[in-house]
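Take a look at the letters that make up each chain.
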Amino acid sequence: MTSPETPSPQVLTGEARLRQRSRRIRNIWITTLGAGLLFGVAVGVAGKRLGAELPPLAFWAMMAALVVMTVVINVWYLQGVDEVEVQDNLWAAYAGLNAHVLIAAGWYSAAARGLAPTPDVLAVALATVIVTLIAYVGLKLRRRLG
Amino acid sequence: MNNRLRLLRAERGWSQAELAGRIDVSRQAVNAIETGKHDPSLSLAFRIAREFGLPIEQVFDGGEA
Chain X
1 MTSPETPSPQ
11 VLTGEARLRQ
21 RSRRIRNIWI
31 TTLGAGLLFG
41 VAVGVAGKRL
51 GAELPPLAFW
61 AMMAALVVMT
71 VVINVWYLQG
81 VDEVEVQDNL
91 WAAYAGLNAH
101 VLIAAGWYSA
111 AARGLAPTPD
121 VLAVALATVI
131 VTLIAYVGLK
141 LRRRLG
Chain B
147 MNNRLRLLRA
157 ERGWSQAELA
167 GRIDVSRQAV
177 NAIETGKHDP
187 SLSLAFRIAR
197 EFGLPIEQVF
207 DGGEA
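The listed protein sequences correspond, in order, to chains X and B.
The working numbering applies: residue 1 is where the first sequence begins, and numbers increase by one.
The working numbering applies: residue 147 is where the second sequence begins, and numbers increase by one.
FYI, nobody ran anything at the bench for these hints, they're computed from the structure.
Check the hints yourself; a few may be wrong.
Label pairs and their calculated CB-CB ranges [to be verified]:
#1 B:R193 - X:S22: 42 to 52 Å
#2 B:G182 - X:L54: 21 to 31 Å
#3 X:R23 - B:S161: 45 to 55 Å
#4 X:N74 - B:L153: 21 to 31 Å
#5 X:I73 - B:E203: 38 to 48 Å
#6 X:G138 - B:L200: 44 to 54 Å
Within a straight-line C-alpha distance of at most 20 Å, the following computed DMTMM-like cross-link-like pairs (lysine to aspartate or glutamate) qualify [unchecked claim]:
#7 X:K140 - X:E83
#8 B:K183 - X:E85
#9 X:K140 - B:D185
#10 X:K140 - B:D170
#11 X:K140 - B:E197
#12 X:K140 - X:E85
#13 B:K183 - X:D120
Quick reminder that beta carbons are idealized off the backbone N, C-alpha and C, glycines included.
Start from the sequences, fold in the hints, and give me the full structure.
Here's what the structure looks like:
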């Protein structure tokens with residue numbers, strides 16, 4: 001039972017709730033970047049100290065931690081954002097997937113015919129990320145300017 | 147899909163940000179729906195109609211924008 005002294009819960013205006021929502025999503029971004037940075041530093045330090053002697057179990061434990069962290073952060077993010085944001089993410093991922101297939105298939109075919117150097121997995125991955133980011137930023141700009 | 151979001155908002159003196167906070171989406175989402183660049187899901191459309199206190203068919207209609 002609520003006593004007369006208990007202050008009633010503050011009813012936020014829509015704009016205040018929007019600010020709260022923006023803060024929540026910004027926190028998810030900060031956590032994601034922070035976790036990625038920590039993981040990168042941990043892998044770098046472990047690699048430098050142990051090099052090839054990193055026990056296989058430790059390596060697989062790190063990979064498992066990375067997978068769990070990625071899944072948890074993505075679920076948290078997708079539950080926090082609205083359907084327009086989810087749609088933009090899906091379109092950007094779709095563009096990235098198409099770019100990946102086209103670049104990889106094109107490069108491998110060209111290399112098989114001696115028209116290009118041996119495909120570089122990291123270069124293909126980097127190109128995929130770049131195309132995905134360009135698609136995402138393009139969608140966001142279109143929404144902001146439109 | 148046509149909608150009367152801009153008009154209903156104006157009647158209540160709500161900004162896009164105010165409506166966005168009330169229905170728990172971003173301001174860009176409200177803008178995208180208002181300008182016909184995004185058709186809301188059924189659940190979001192119902193949430194919007196509920197926020198305005200109107201039946202869904204008085205906020206949205208199925209015609210092309």
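Run the distance test for K183 (chain B) versus E85 (chain X): straight-line Cα separation, threshold 20 Å. holds (13 Å)
Using the Cβ atoms, figure out if N74 (chain X) sits within 21 to 31 Å of L153 (chain B). violated (38 Å)
Distance restraint hint 21 to 31 Å, applied to the beta-carbon atoms of G182 (chain B) and L54 (chain X): violated (55 Å)
CB-CB spacing for S161 (chain B) and R23 (chain X) relative to the 45 to 55 Å hint: violated (19 Å)
Hinted pair, alpha-carbon criterion (20 Å max): K183 (chain B), D120 (chain X). Please report holds or violated. This hinted pair is violated, its Cα atoms lying about 39 Å apart.
Proposed proximity, E197 (chain B) with K140 (chain X) (alpha carbon, max 20 Å): This hinted pair is violated, its Cα atoms lying about 26 Å apart.
Quickly compare the C-alpha distance for K140 (chain X) and D185 (chain B) to 20 Å and report which way the hint goes. holds (17 Å)
Is 42 to 52 Å a correct range for the gap between the Cβ atoms of R193 (chain B) and S22 (chain X)? Given a distance of about 19 Å, which is not inside 42 to 52 Å, the answer is violated.
Range hint compliance [Cβ, G138 (chain X) to L200 (chain B), 44 to 54 Å]: violated (35 Å)
Check whether the Cα positions of K140 (chain X) and E85 (chain X) lie no farther apart than 20 Å. It holds: about 9 Å lies between the C-alpha atoms, which stays within 20 Å.
What's the verdict on K140 (chain X) and E83 (chain X), does the C-alpha distance respect the 20 Å limit or exceed it? holds (14 Å)
Keeping to a limit of 20 Å between CA atoms, is the pair of K140 (chain X) and D170 (chain B) held or broken? At roughly 19 Å apart (the allowed maximum being 20 Å), D170 (chain B) and K140 (chain X) satisfy the hint.
Checked against the numbered hints above, the structure violates hints 1, 2, 3, 4, 6, 11, 13; every other hint is satisfied.
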